[in-house]
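Student: Residues per chain are reported as follows:
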Amino acid sequence: MALGGPHLATVLVLAGSAHWLAAGLAGLARPQGLLWIARILFPLGALGGLAVAAGGVAGLSHGPVAVILPLGLPDLPFHVRVDALSAFFLVLLGIASVGVSIFSAGYFRAGHGTAPGLLCIQYHVFLASMALVLIADDAYLFMVAWETMALSSYFLVTSNHHIPEIRRAGFLYLLIAHVGAVAILLSYGVLQAGQGDYVFSSMRAHPPQGWWASMAFVLALFGFGAKAGLLPLHVWLPEAHPAAPSPVSALMSGVMLKTAIYGILRVTFDLLDAPQWWWGVLTLALGLLTAVFGVLFAAVQTDMKRLLAYSSIENIGVVLIAVGLAITFRAYAMPLLAALALTAALYHCINHALFKSLLFLATGSVLHSTRERNLGKLGGLIHSMPSVAFFALIGALAIAGIPPLNGFVSEWLLLQAFLATPSLPNSYLNMLIPLGAAALTLAAGLAGYVMVKFYGVIFLGQPREPALAHAHDAGWLERLGMAWLAAGCVALGLLPLRTVAILDPVNSLLLARTLSETAGRSGWLFITGLAPERASYSPLIVFCGMLSVVAATFLVVRFRYNCRLRRGEPWDCGHPGLTARMQDTAEGFGQPIKQIFEPMFRIERQLPTPFDERPAYRATAGDHFWFWAYLPVARLTERVSRSIGVLQHGRISLYLLYSLITLVLLLLVVT
Amino acid sequence: MNEAIAIQVAKTILVVLLAPLFTGWVNQCRAWLQNRRGPGLLQPYRALRKLFHKDAIVAHRASFLFRATPYIRFGSMVLAASIIPTLVTGLPIAPAADVIALVGIFALGRVFMALAAMDIGTAFGTMGARREMLIAFLAEPALLMVFFTPALISQSTSLSTIVHTLAYQPFVIHPGLAFAALAFLMVLLAENARIPIDNPATHLELTMIHEALMLEYSARHLALMDWASNLKLLAYTTIGVALFVPWGIARAVDGSAIWVALLCLLAKLAAAGAALALLETLSAKLRIFRAPEFLAMAFLLAVLGLLTHVLLEGAA
Numbered sequence: 000m001a002l003g004g005p006h007l008a009t010v011l012v013l014a015g016s017a018h019w020l021a022a023g024l025a026g027l028a029r030p031q032g033l034l035w036i037a038r039i040l041f042p043l044g045a046l047g048g049l050a051v052a053a054g055g056v057a058g059l060s061h062g063p064v065a066v067i068l069p070l071g072l073p074d075l076p077f078h079v080r081v082d083a084l085s086a087f088f089l090v091l092l093g094i095a096s097v098g099v100s101i102f103s104a105g106y107f108r109a110g111h112g113t114a115p116g117l118l119c120i121q122y123h124v125f126l127a128s129m130a131l132v133l134i135a136d137d138a139y140l141f142m143v144a145w146e147t148m149a150l151s152s153y154f155l156v157t158s159n160h161h162i163p164e165i166r167r168a169g170f171l172y173l174l175i176a177h178v179g180a181v182a183i184l185l186s187y188g189v190l191q192a193g194q195g196d197y198v199f200s201s202m203r204a205h206p207p208q209g210w211w212a213s214m215a216f217v218l219a220l221f222g223f224g225a226k227a228g229l230l231p232l233h234v235w236l237p238e239a240h241p242a243a244p245s246p247v248s249a250l251m252s253g254v255m256l257k258t259a260i261y262g263i264l265r266v267t268f269d270l271l272d273a274p275q276w277w278w279g280v281l282t283l284a285l286g287l288l289t290a291v292f293g294v295l296f297a298a299v300q301t302d303m304k305r306l307l308a309y310s311s312i313e314n315i316g317v318v319l320i321a322v323g324l325a326i327t328f329r330a331y332a333m334p335l336l337a338a339l340a341l342t343a344a345l346y347h348c349i350n351h352a353l354f355k356s357l358l359f360l361a362t363g364s365v366l367h368s369t370r371e372r373n374l375g376k377l378g379g380l381i382h383s384m385p386s387v388a389f390f391a392l393i394g395a396l397a398i399a400g401i402p403p404l405n406g407f408v409s410e411w412l413l414l415q416a417f418l419a420t421p422s423l424p425n426s427y428l429n430m431l432i433p434l435g436a437a438a439l440t441l442a443a444g445l446a447g448y449v450m451v452k453f454y455g456v457i458f459l460g461q462p463r464e465p466a467l468a469h470a471h472d473a474g475w476l477e478r479l480g481m482a483w484l485a486a487g488c489v490a491l492g493l494l495p496l497r498t499v500a501i502l503d504p505v506n507s508l509l510l511a512r513t514l515s516e517t518a519g520r521s522g523w524l525f526i527t528g529l530a531p532e533r534a535s536y537s538p539l540i541v542f543c544g545m546l547s548v549v550a551a552t553f554l555v556v557r558f559r560y561n562c563r564l565r566r567g568e569p570w571d572c573g574h575p576g577l578t579a580r581m582q583d584t585a586e587g588f589g590q591p592i593k594q595i596f597e598p599m600f601r602i603e604r605q606l607p608t609p610f611d612e613r614p615a616y617r618a619t620a621g622d623h624f625w626f627w628a629y630l631p632v633a634r635l636t637e638r639v640s641r642s643i644g645v646l647q648h649g650r651i652s653l654y655l656l657y658s659l660i661t662l663v664l665l666l667l668v669v670t
Numbered sequence: 007m008n009e010a011i012a013i014q015v016a017k018t019i020l021v022v023l024l025a026p027l028f029t030g031w032v033n034q035c036r037a038w039l040q041n042r043r044g045p046g047l048l049q050p051y052r053a054l055r056k057l058f059h060k061d062a063i064v065a066h067r068a069s070f071l072f073r074a075t076p077y078i079r080f081g082s083m084v085l086a087a088s089i090i091p092t093l094v095t096g097l098p099i100a101p102a103a104d105v106i107a108l109v110g111i112f113a114l115g116r117v118f119m120a121l122a123a124m125d126i127g128t129a130f131g132t133m134g135a136r137r138e139m140l141i142a143f144l145a146e147p148a149l150l151m152v153f154f155t156p157a158l159i160s161q162s163t164s165l166s167t168i169v170h171t172l173a174y175q176p177f178v179i180h181p182g183l184a185f186a187a188l189a190f191l192m193v194l195l196a197e198n199a200r201i202p203i204d205n206p207a208t209h210l211e212l213t214m215i216h217e218a219l220m221l222e223y224s225a226r227h228l229a230l231m232d233w234a235s236n237l238k239l240l241a242y243t244t245i246g247v248a249l250f251v252p253w254g255i256a257r258a259v260d261g262s263a264i265w266v267a268l269l270c271l272l273a274k275l276a277a278a279g280a281a282l283a284l285l286e287t288l289s290a291k292l293r294i295f296r297a298p299e300f301l302a303m304a305f306l307l308a309v310l311g312l313l314t315h316v317l318l319e320g321a322a
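Just so you know, the sequences run in chain order A and B. Going by our numbering, the first sequence opens with residue 0, and the numbers climb by one from there. Going by our numbering, the second sequence opens with residue 7, and the numbers climb by one from there.
Where hints are given, some of them may not hold.
To list a few chain A residues with every Cβ distance to chain B over 10 Å, as calculated [said to hold, decoys possible]: (1) L174; (2) L281; (3) L392; (4) E410; (5) Q647.
Simulated coverage check for chain B against chain A, where a stretch passes if three residues somewhere in it have a Cβ under 8 Å from a Cβ of chain A [unchecked claim]: (6) 57-70; (7) 237-245.
Distance ranges between label pairs, derived from CB positions [claimed, not checked]: (8) A:M214 with B:V251: 50 to 58 Å; (9) A:A114 with B:F70: 38 to 46 Å; (10) A:Y427 with B:V266: 40 to 48 Å; (11) A:L554 with B:A276: 48 to 56 Å; (12) B:P181 with A:R559: 35 to 43 Å; (13) A:F558 with B:F70: 14 to 22 Å; (14) B:G46 with A:G573: 28 to 36 Å; (15) A:L524 with B:A276: 34 to 42 Å.
Read the hints as simulated data drawn from the structure, not as lab findings. Positions of the beta carbon are idealized from the N, C-alpha and C atoms, including for glycine.
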């Protein structure tokens with residue numbers, strides 16, 4: 000294998016993954032040596048991230064390169080391939096993991112739970128398995144890497160395993176991950192179409208037709224959807240994310256969910272040849288439900304990490320909306336529009352990887368500094384943790400879709416794709432898809448509400464607990480990690496055309512059509528979507544215009560008028576004796592949403608009676624899916640296993656009898 | 007090109023300077039309708055001048071966010087005002103932001119304002135922030151949906167192209183636009199804190215939304231916030247004018263057409279201000295709990311407008 004040239008990408012990615020594995024194993028050398036692991040191995044792991052990202056960049060500029068690794072079972076070698084699709088997700092993995100690894104170097108410290116050495120190996124195996132999932136070129140390596148990813152992240156989620164809730168959350172995660180994995184395995188079973196060959200290249204050569212193709216797609220959507228948090232398989236996300244240490248939540252939410260999107264794209268656009276229009280509509284509808292559901296539940300959460308987990312569900316919904324549109328356009332042979340929708344999906348993937356990781360890391364710093372995850376006990380941290388507050392502000396504005404940051408760009412592209420749907424040759428879809436645009440804008444509006452709540456309750460106002468006065472800002476490594484991700488949010492927000500050009504090889508690979516020539520027709524300052532006269536947007540001009548107006552206003556006010564400033568008590572309509580308890584709590588902030596969308600929630604209220612000595616009020620907003628879908632299945636499973644348990648008596652004579660009966664029955668069948 | 011940039015700058019400055027006058031006009035009309043003499047058209051200018059000369063008082067706990075927000079909000083409204091075509095279409099800044107970006111720029115101002123209101127941690131501030139975001143999460147999608155109908159008609163999301171298409175195409179009745187206009191009016195009332203959602207003339211503690219957000223501001227900060235609110239009202243009105251009665255706007259930068267466009271604009275704004283005052287005089291303020299229903303209605307009307315357009319004219 001020659002270094003450089005087309006093989007460079009594969010070499011870099013494999014080297015990065017090997018580096019991660021080595022860093023992980025080195026952690027076992029001194030499992031309790033915190034300084035060794037945190038200050039040396041995690042920053043080294045960030046180098047692995049850089050290598051993987053560089054490999055991804057190299058892979059985007061070259062055509063697909065397939066390599067057979069001399070690993071695996073004797074007759075089943077591992078096939079590896081880096082093409083534009085995997086390269087794009089490798090860039091995402093690399094960039095996000097650099098920030099998270101640098102942050103982790105300052106974050107992990109001695110405490111309860113898993114020893115640092117074990118944490119180190121689990122963390123790096125998790126990273127390496129995600130890289131392998133992205134470059135796997137046969138179902139066998141893919142499933143091995145996929146399961147390694149699930150298992151290593153399971154151990155990471157349960158690193159505080161002495162807490163029963165965390166063990167329970169981990170179990171739920173593992174369960175749904177495996178239900179999904181079974182579906183993915185079945186999907187690959189359908190995809191190999193009786194060839195018996197599980198290499199992706201032969202699946203590509205003989206794609207299943209008709210109903211078999213639809214079955215493969217639905218199984219893949221279900222299986223990968225379980226990992227992505229697609230409704231109704233989302234229940235593990237709000238349990239697992241709060242349970243995991245914050246850098247792990249950042250990786251799971253920012254990167255691991257994207258591997259599921261990668262899987263859906265790989266199966267739909269690459270392994271299957273001709274998508275049906277209803278696949279797209281199904282994905283679109285599920286995506287819309289997921290987005291609205293996720294953001295509504297995010298609005299009523301009181302735990303900051305649960306809030307972010309529900310927000311991840313929303314963002315995955317948004318990505319799937321874009322994927323659904325892309326599938327629909329592709330099915331109607333409209334490659335340019337499909338490229339627009341796919342670009343929106345990929346753009347949102349990398350945006351979400353940046354800002355959601357950033358916000359999870361910020362919650363990690365808050366958690367370390369205050370030991371508090373409950374929004375009702377936080378507040379006013381902008382004074383004691385100014386740099387964390389600054390980075391979290393960038394993340395929150397980006398996720399709320401505020402220009403000129405990156406979240407807005409993908410929203411803009413997606414809405415442009417929606418506005419192109421009336422050209423579809425199906426009049427029913429023409430009528431129904433605008434309703435989808437309405438639901439998407441509603442979700443986007445609610446995302447702003449959620450982020451004002453998240454940021455305002457944690458960082459603004461008065462501290463709700465006296466202990467918060469002792470909160471301290473994050474260390475320099477943590478700040479560096481967050482700064483890396485925040486810089487990514489700003490860069491992707493200000494340079495959309497450059498980003499579209501970077502991810503355009505994915506379009507040309509999957510759709511044989513690129514977007515950059517139409518999106519860049521007005522020059523490098525503007526992004527224009529389909530055509531300059533149809534739409535254009537220039538974040539740099541918006542940003543500079545905004546900046547110059549603000550600066551001019553500031554200077555005029557400063558020099559034209561007096562700029563005296565006095566500090567005083569807050570006015571608050573003249574009410575004296577302001578205390579921290581007079582502010583809105585997180586519950587209070589979510590209350591209007593709970594009231595307006597009441598049927599969406601399963602609300603349980605505990606109201607005090609008039610005779611209570613210490614009256615208490617409690618309201619919880621539960622998930623209908625849990626009660627309507629999951630608990631019945633769980634009860635059914637329990638009942639079935641109990642009735643099977645009747646056979647089990649623990650007496651050896653009975654078991655011998657069972658064997659005898661089985662033997663007799665088998666003999667009867669055979670003869 | 008240089009002439010176009012000069013017109014762009016002149017137009018922006020004109021709109022920024024005119025904004026308090028428009029508010030003054032609405033207030034004056036309302037006073038006349040209520041059999042009062044009213045403070046005169048120039049009252050908002052006098053109020054701004056007074057506020058700019060005072061010493062600012064800022065709460066002890068206020069952070070940089072609190073002091074930066076008036077400038078950011080003012081900046082975002084000036085930017086919005088410069089994007090909206092009022093006199094002439096096709097100005098140099100038009101390609102920088104389309105209607106979706108315009109909604110985003112409004113959201114930028116609003117989010118900072120809500121965050122600043124939560125910054126000090128007063129009871130009224132957080133209440134105002136919550137209510138403002140409650141209005142916004144319904145008004146923002148409704149506004150986008152309102153924009154989508156004309157965007158589909160003109161095959162463009164650029165406001166300049168939309169206005170150009172609507173003003174200069176042969177006259178066609180677009181039934182979808184009627185729904186959109188009604189929805190837009192409702193969004194305008196809600197977003198600008200007018201009756202029936204909010205009352206701009208009162209500090210009545212339990213019902214206020216917009217005033218609660220600005221309660222802690224004083225002097226130059228308050229002046230900027232007030233000016234930004236004036237600008238926002240003018241921006242929304244000019245959007246309405248541009249989308250639903252665009253006739254008279256100039257097609258290109260040339261002397262006489264611009265003066266005609268200016269006269270048309272002033273006449274339309276005078277009529278719109280009077281109509282707004284009449285509407286406010288005739289209606290009563292809704293309870294805050296009814297506000298979501300009002301806005302949901304606006305959202306539904308906007309979606310209905312879009313559907314009507316797709317159904318009746320979609321295949322074209």
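Student: Now tell me if each hint is right for this structure.
Tutor: Comparing the hints with the structure gives:
no.: 1; hint: L174; verdict: holds, 35 Å
no.: 2; hint: L281; verdict: holds, 21 Å
no.: 3; hint: L392; verdict: violated, 8 Å
no.: 4; hint: E410; verdict: violated, 8 Å
no.: 5; hint: Q647; verdict: holds, 56 Å
no.: 6; hint: 57-70; verdict: holds (count 10)
no.: 7; hint: 237-245; verdict: violated (count 0)
no.: 8; hint: A:M214 with B:V251: 50 to 58 Å; verdict: holds, 55 Å
no.: 9; hint: A:A114 with B:F70: 38 to 46 Å; verdict: holds, 42 Å
no.: 10; hint: A:Y427 with B:V266: 40 to 48 Å; verdict: holds, 46 Å
no.: 11; hint: A:L554 with B:A276: 48 to 56 Å; verdict: violated, 34 Å
no.: 12; hint: B:P181 with A:R559: 35 to 43 Å; verdict: violated, 51 Å
no.: 13; hint: A:F558 with B:F70: 14 to 22 Å; verdict: holds, 21 Å
no.: 14; hint: B:G46 with A:G573: 28 to 36 Å; verdict: holds, 29 Å
no.: 15; hint: A:L524 with B:A276: 34 to 42 Å; verdict: holds, 38 Å
In this structure, the earlier hints numbered 3, 4, 7, 11 and 12 are contradicted, and the remaining ones agree with it.
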